[in-house]
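Chemist: Next come the chains, spelled out residue by residue.
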Amino acid sequence: MNFLDLTIAQAHEGLKKKEFTSAELTRAYLDQIKKTDGSIGAYLAITEKLALQQAEEADKVIATQKDFPVLTGIPFCVKDAILVEGQIATAGSKILENYVAPYDATVIRKLKEQGSVILGKTNMDCFGFGSSTENSAFKVTKNPHDLERVAGGSSGGSAAAVAAKEACYALAEDTGGSIRQPASFCGVVGLKPTYGAVSRYGVYAYASSLDQIGPMARTVEDVKTIFKAICGKDPKDATSVGYEFKDANVEMKGLKIGVPKEYFTDGSSGRVGNSRVSPKGINPEVERIIKNAIKKAEDAGAKIIEISLPATEYALACYYIIAPCEASANLARFDGIKYGLSEPADNLLDVYLITRGKGFNAEAKRRIMIGTYALSSGYYDAYYKKAQEVRQLVRQDFTDAFKKVDVIFAPVSPFPAFKVGEKTDDPLSMYLADIYTISLNLAGLPGLSLPAGKAGNLPVGLQIIGNHFEENKILSVASKIESMLK
Amino acid sequence: MISKEEVQHIAKLARLELTPQEVEKMQQDLTAILDYFDVLQKAPKVKVGKQSVSKFELNQSRNDVVAQRSASLAYNLVEAAPDKKDGYIKVKSIL
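Chains as they are written, first to last, in numbering that gives the first Met the number 0: chain A, 0 to 485; chain B, 0 to 94.
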């Protein structure tokens, strides 16, 4: 039996029937990491000791209890932005290179309570700033489908680890597309839940009005299992809400699927966003794959309804003001005093200046600078306030759309995985990778990336968007499309 | 083009030391990004009163009561600081 091919449900069955132990399963993943991660670079730290200890504990539970949680003994990896007590948590940045997490994030506590096994911490663009993991201070994660290409980002390490079978599943975090876009690039399933559905306690804050933790796995069913385990109200995150996941079975027949005309080249606007940033719009292969998935849904009885999201044109600029503004405030805490890197200097101000100057890389500095600029006196109204107004327009578009449709189908990214180094010199063209994903964060909506086909050897994800707290609907539809595309 | 002095001023507000090369690159990058933001000026005005916040978006603060936490948490937090003494975080004199 190849342990590495097992889904969560299959591994759970195997553990239950005593076909193998969690220790065996865990060792198989650790061996795979050692074998393949040298070329992929998904992991920043392998927590082997912790993993084997957790596996041993899980095996004790499995040996003595007839029924145990579905995630007991199942090995997973964690984006390095999420704290695991006693383990390094760098957020992909030099400023936190040797930082040891003092406590568990709520999502980690929940998964530990289920007896899941932590294999390691995965690579990311520093603090989530990027769409390719090229902004990691430590290394670039390569796409397992083509090692010359990026895995996407910012959760590229988590997506690549799942795709390369270096973990059964992964936890990641999405502020503007950081779960969905790498999931699309690496051909795995990734869910960005509704804002408030999952506690963010114990994750480094990037942009607090946008951040959300979510799962990545190889199947829709697995993603659902993880989501059910981590969602819910947490007193330690004031934005989390009391919400219980209820399974749904959505029939394709009569399902109203909205397709935003602004997202495709034959829509009335003819292109995505600002022409300076997006002269070509969507890659034709990506468009073909997404349209094919839409066609399959239509053949199964769904009603395809063209919708309009007119604020799409402004969403990218809106996001790249709001997110850096919040980031510039959130990252003020990294000042060389409480944690991480500290550069010696004669006075306090110089400690701040030199520590931050050395500890943050180019992209972190760029975002802190944009945020500080947009929030500074004299520019606040023109940038931050304007962006907040436009955010209302983006939300209103979706509110209007969901009066007419049940779910929305869209691409995840306008292009498949690009080559390492291809976009590093042009921050604006890199930002474009987020054009279809950021609107959801601005509107607080859930979205899932489902592998829908390949452009050459490169996976392409279909984005399934639902209304607030309708993850159950998204997952049910995704599961059906998943079987249709097999 | 955003000026060198402006970049240096913002960098100081942001508590970032930038090298002369970084200042120059930042001038170019910020100018390009800020120019792109001009697209927002074309966006329709939002009518006052139209802004709505869903019930899910209101922060729900926990009760203001002392929560028992393990002593190891305090130890771990102080331990993470670069400079500490006798269970306290050391800082430079401020005045």
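It is possible that some hints are incorrect.
Stated by the list, open to error - Each computed DSSO-like pair below joins lysine-lysine, with the alpha-carbon atoms no more than 30 Å apart:
#, chain 1, residue 1, chain 2, residue 2
1, B, LYS11, A, LYS93
2, B, LYS11, A, LYS403
3, A, LYS402, B, LYS3
4, B, LYS24, A, LYS138
5, A, LYS403, B, LYS83
6, A, LYS357, B, LYS46
7, A, LYS255, B, LYS91
8, A, LYS48, B, LYS11
9, B, LYS83, A, LYS384
10, A, LYS357, B, LYS44
11, A, LYS384, B, LYS91
12, A, LYS93, B, LYS83
13, A, LYS384, B, LYS84
14, A, LYS422, A, LYS479
15, A, LYS302, A, LYS422
16, B, LYS91, A, LYS93
17, A, LYS337, B, LYS91
18, A, LYS260, B, LYS24
19, A, LYS111, A, LYS245
20, B, LYS3, A, LYS235
21, B, LYS46, A, LYS422
22, A, LYS33, A, LYS65
23, A, LYS422, B, LYS44
24, A, LYS337, B, LYS44
25, A, LYS357, B, LYS41
26, B, LYS83, A, LYS422
27, A, LYS260, B, LYS3
28, B, LYS46, A, LYS337
29, A, LYS337, B, LYS41
30, B, LYS84, A, LYS422
31, A, LYS402, B, LYS89
32, B, LYS46, A, LYS93
33, A, LYS384, B, LYS89
34, B, LYS91, A, LYS402
35, A, LYS164, A, LYS384
What the hints assert, rightly or not - One-sided and incomplete, this derived list gives chain A residues near chain B with beta-carbon spacing under 7 Å:
#, residue
36, TYR313
37, TYR378
38, PRO426
Derived by calculation from the structure, the hints in this document are not laboratory data. In this text, all values refer to a predicted model and were calculated from it rather than measured experimentally. Ideal placement from N, C-alpha and C gives every residue a C-beta, glycine not left out.
Chemist: Which numbered hints are broken by the structure, listed smallest first?
Modeler: 2, 3, 5, 6, 7, 8, 9, 10, 11, 13, 14, 15, 18, 20, 21, 22, 23, 24, 25, 26, 27, 28, 29, 30, 31, 32, 33, 34, 35 and 37
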